[in-house]
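Next come the chains, spelled out residue by residue.
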Amino acid sequence: MISPGAGDSLLASVAYRRLLAWSCAAHLAGGVALVFSDQFRFRSSLPDPVYVSVVAAEPRPEAAAPAAPPPRQEVDEIVIPRRPRPKPASQAKPRPKPRPRAELAPRPEPKPKPRAEPASRPEPKPKTQSRPALDDLMARLQKTTSERPSGVKPGADRDGRRGVFNRQLAAYRKRVESIVARNWDDTSACMARSKFPVWEVRLAASGRVTGVRLARASGDRYCDDSAERAIMKAQPLPPPPGKVRVLDVNFGDRG
Amino acid sequence: MMRGAFVRLLLAGLLGGAPAAGAQERIQIEVESGSGRGYQVAVQSFLPRRGGFTHSEPFHSALVEGLNFSGALEVVDEAAFLEPRQTASLRGRIDCANWRGIGADGLVQGMLEVRGRELVATYRVWDTVRCRLQGSVTESRRALRERELLARSIADEIVRRFTGKRGVSSTQIAFVSDGDGQGNKEIYLMEADGGNKRAVTGNGSINLFPSWAPDGRSLVYTSFKSGRSDIWKIYRGSIPGHPLLAERAEKFRAVFDARSGRLGLVMSRGGNTDLYSVDASGAGLERLTGSRSIETSPSFSPDGRRMAFVSDRGGAPQVYLKDLGTGEERRLTFRGGYNSSPAWSPTGEWIAYTARTSGGFDLYLIDPDTGFTTPLVVHPRSDEAPSWSPDGRKIAFSSTRRGRQEIYRIDVDGRNLVRMTARFGNSSHPAWSGFLE
Chain A
1 MISPGAGDSL
11 LASVAYRRLL
21 AWSCAAHLAG
31 GVALVFSDQF
41 RFRSSLPDPV
51 YVSVVAAEPR
61 PEAAAPAAPP
71 PRQEVDEIVI
81 PRRPRPKPAS
91 QAKPRPKPRP
101 RAELAPRPEP
111 KPKPRAEPAS
121 RPEPKPKTQS
131 RPALDDLMAR
141 LQKTTSERPS
151 GVKPGADRDG
161 RRGVFNRQLA
171 AYRKRVESIV
181 ARNWDDTSAC
191 MARSKFPVWE
201 VRLAASGRVT
211 GVRLARASGD
221 RYCDDSAERA
231 IMKAQPLPPP
241 PGKVRVLDVN
251 FGDRG
Chain B
256 MMRGAFVRLL
266 LAGLLGGAPA
276 AGAQERIQIE
286 VESGSGRGYQ
296 VAVQSFLPRR
306 GGFTHSEPFH
316 SALVEGLNFS
326 GALEVVDEAA
336 FLEPRQTASL
346 RGRIDCANWR
356 GIGADGLVQG
366 MLEVRGRELV
376 ATYRVWDTVR
386 CRLQGSVTES
396 RRALRERELL
406 ARSIADEIVR
416 RFTGKRGVSS
426 TQIAFVSDGD
436 GQGNKEIYLM
446 EADGGNKRAV
456 TGNGSINLFP
466 SWAPDGRSLV
476 YTSFKSGRSD
486 IWKIYRGSIP
496 GHPLLAERAE
506 KFRAVFDARS
516 GRLGLVMSRG
526 GNTDLYSVDA
536 SGAGLERLTG
546 SRSIETSPSF
556 SPDGRRMAFV
566 SDRGGAPQVY
576 LKDLGTGEER
586 RLTFRGGYNS
596 SPAWSPTGEW
606 IAYTARTSGG
616 FDLYLIDPDT
626 GFTTPLVVHP
636 RSDEAPSWSP
646 DGRKIAFSST
656 RRGRQEIYRI
666 DVDGRNLVRM
676 TARFGNSSHP
686 AWSGFLE
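From first to last, the protein sequence lines are chains A and B.
Residues 1 to 255 in the numbering used here are what the first sequence lists, from first letter to last.
Residues 256 to 692 in the numbering used here are what the second sequence lists, from first letter to last.
Don't read these hints as lab results, they were simulated from the structure.
Positions of the beta carbon are idealized from the N, C-alpha and C atoms, including for glycine.
Misleading hints may appear alongside valid ones.
[Stated by the list, open to error] Only pairs whose alpha carbons sit at most 20 Å apart, straight line, appear in this in silico SDA-like list of lysine to any residue:
1. B:Lys480 to B:Glu505
2. A:Lys174 to B:Arg281
3. A:Lys233 to B:Gln389
4. A:Lys243 to B:Arg281
5. A:Lys233 to B:Arg387
6. A:Lys233 to B:Glu285
7. A:Lys195 to B:Glu505
8. A:Lys233 to B:Glu329
9. A:Lys195 to B:Gly603
10. A:Lys233 to B:Phe336
11. A:Lys233 to B:Arg416
[Unchecked claim] Computed, partial: chain B to chain A, Cβ under 8 Å:
12. Gln283
13. Ile284
14. Val286
15. Glu287
16. Arg292
17. Gly419
18. Ser546
Starting from the given sequences, assemble the full structure and let the hints guide the process.
Dropping the structure here:
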């Protein structure tokens, strides 16, 4: 049995103190490097198709933004609101994780902790997977990746993403057309016209109309007005997909 | 992280798969058809001032009825109002959100007062969707006894501000009826909604085929008062009428050309019935058709360039068109063995006519340019003699669907069939007026 006094004398030795200091510094540096390295970030975040599938799994397809050049910010914008209840829990989990890093110094067994950290990071994700939407999302992701021909991964990724985006765009377009048509209450002034109005509609990311401009007049003010009213009454429009911020709304039967 | 994003962006660019910035920013939306529901309009009762109080309620009712009658606007139930039911002021802005919240696309506010022997209404109309005034504050006045007409005129103007086409609630319909119960056919008038029926003629003879002057101040009709068929003209407020022409030949019918104000006249000279043109005073007689067959029922296109008429030159009555500029004539109807009573719509796009079918007569619409035909009213009993409302949205006609001949109206899309002359004898030959000044 070691008496407290013997321990104190051992810790007090200069060599041991230096060794401990160097060891702590080395581990701390290693941990910091791991946390901020791109590799760590890549491994701990979902690949792009996950983001696409999240949106596709939602009833409202208009919130997706997969074709945007820097998709990561878009992912954050969109995925976070999609987790209304679990979000506080899943956000709270990763935050305590860095704390052990700060506690490394006083602890006698610092080494295994930083190494275990990358492995423990993905923990919040399995939690969110338990939700049906994400289950569906992962299933789709797996399906997409398994169907992808081997050897052409990057291009196929993009093509798949674009395909999904195009489908979302088509769904968004259909939805907006339906909403505006439902609010186009008086079409009488537009009947029997050879020209129809086109309104340019500017949107915020939320779908709020920030401005309208008559891009092409029908030649009848009341026809143009009825179309503008239809747009204004159709608010709120669904959030547009990707970077879509301008709609050219063409009124009238072109058949 | 930034470096990683940059590298990925660079790689994507090199691989050629990155979407160009802004490439997806604008998309096309195609809205092919609307709801056709019409606008919802809230009406605050007009603030009564200086003697206007006693007129306020009936005025408000007539205004609401006039707006609803249009078919283009529908008045919001005031029980839903979040704001006061009565106008407080005609100055300042309104809380558009409160009106939009109850589904109102527009708001009517006004004041009502008596000035001498006149009722004066001052009003303004809001577009609550775009939150702006539709037109300026307007003052409108009529004699006190024309209170309802004042309200309906304002309703029609409000309809115009929203749709571009004036409403027709202040128009009138002339018709033929034996409503006095004595077997005589007299000319009667009623409001466009079927109310306030009153006799125009009372000569105890047979009076038929009323037709309105474009300004609505006079109408012509066919009468046997003098013992033979002749054309008579009567002005508002003047009784009795007088023969239009001194010409001795029998004249069966006269129809106004709304564009020129001239009349198309069906007259029999030398045993042959042809179409003529004459000015509103009865002068300037011109012959329009000259075949050996019988030509009747003229109806002019709204631009006055063409005339539809009925001729039996092909062996049976059919509708023909005549270009009044070139004189060229062509047959328009080919379906069925008997087509008559063409009525050119005020918009010019349709001609309504009566077609004999297996069960009697039905009403059809035909496109004068393409000949495309579509049924308007089909019923086992007979529907005849169509006449268009001046906005081209409604058609009045006579029908025997309930036994006696009565007058009905229907929307041009075939909806909203309404009987207008219930318990009013046998009524026929409706003639819808133009917009009355």
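Structure-based check of each hint:
1. B:Lys480 to B:Glu505: At roughly 13 Å apart (the allowed maximum being 20 Å), glutamate 505 (chain B) and lysine 480 (chain B) satisfy the hint.
2. A:Lys174 to B:Arg281: Holds. Lysine 174 (chain A) to arginine 281 (chain B) sits at ~15 Å (cutoff 20 Å).
3. A:Lys233 to B:Gln389: Measuring from Cα to Cα gives roughly 17 Å; hence the hint holds.
4. A:Lys243 to B:Arg281: 8 Å, holds
5. A:Lys233 to B:Arg387: 14 Å, holds
6. A:Lys233 to B:Glu285: Holds - the C-alpha atoms of glutamate 285 (chain B) and lysine 233 (chain A) are around 17 Å apart, at most 20 Å.
7. A:Lys195 to B:Glu505: 49 Å, violated
8. A:Lys233 to B:Glu329: 17 Å, holds
9. A:Lys195 to B:Gly603: 18 Å, holds
10. A:Lys233 to B:Phe336: Given pair lysine 233 (chain A), phenylalanine 336 (chain B) holds - Cα atoms ~19 Å apart, limit 20 Å.
11. A:Lys233 to B:Arg416: At roughly 18 Å apart (the allowed maximum being 20 Å), arginine 416 (chain B) and lysine 233 (chain A) satisfy the hint.
12. Gln283: It holds, given that the least Cβ distance between glutamine 283 (chain B) and chain A is near 5 Å, below 8 Å.
13. Ile284: 4 Å, holds
14. Val286: 5 Å, holds
15. Glu287: 5 Å, holds
16. Arg292: 5 Å, holds
17. Gly419: OK, holds: glycine 419 (chain B) within 8 Å of chain A, min 3 Å.
18. Ser546: 33 Å, violated
When the structure is compared with the earlier hints, violations turn up for hints 7 and 18 and for no others.
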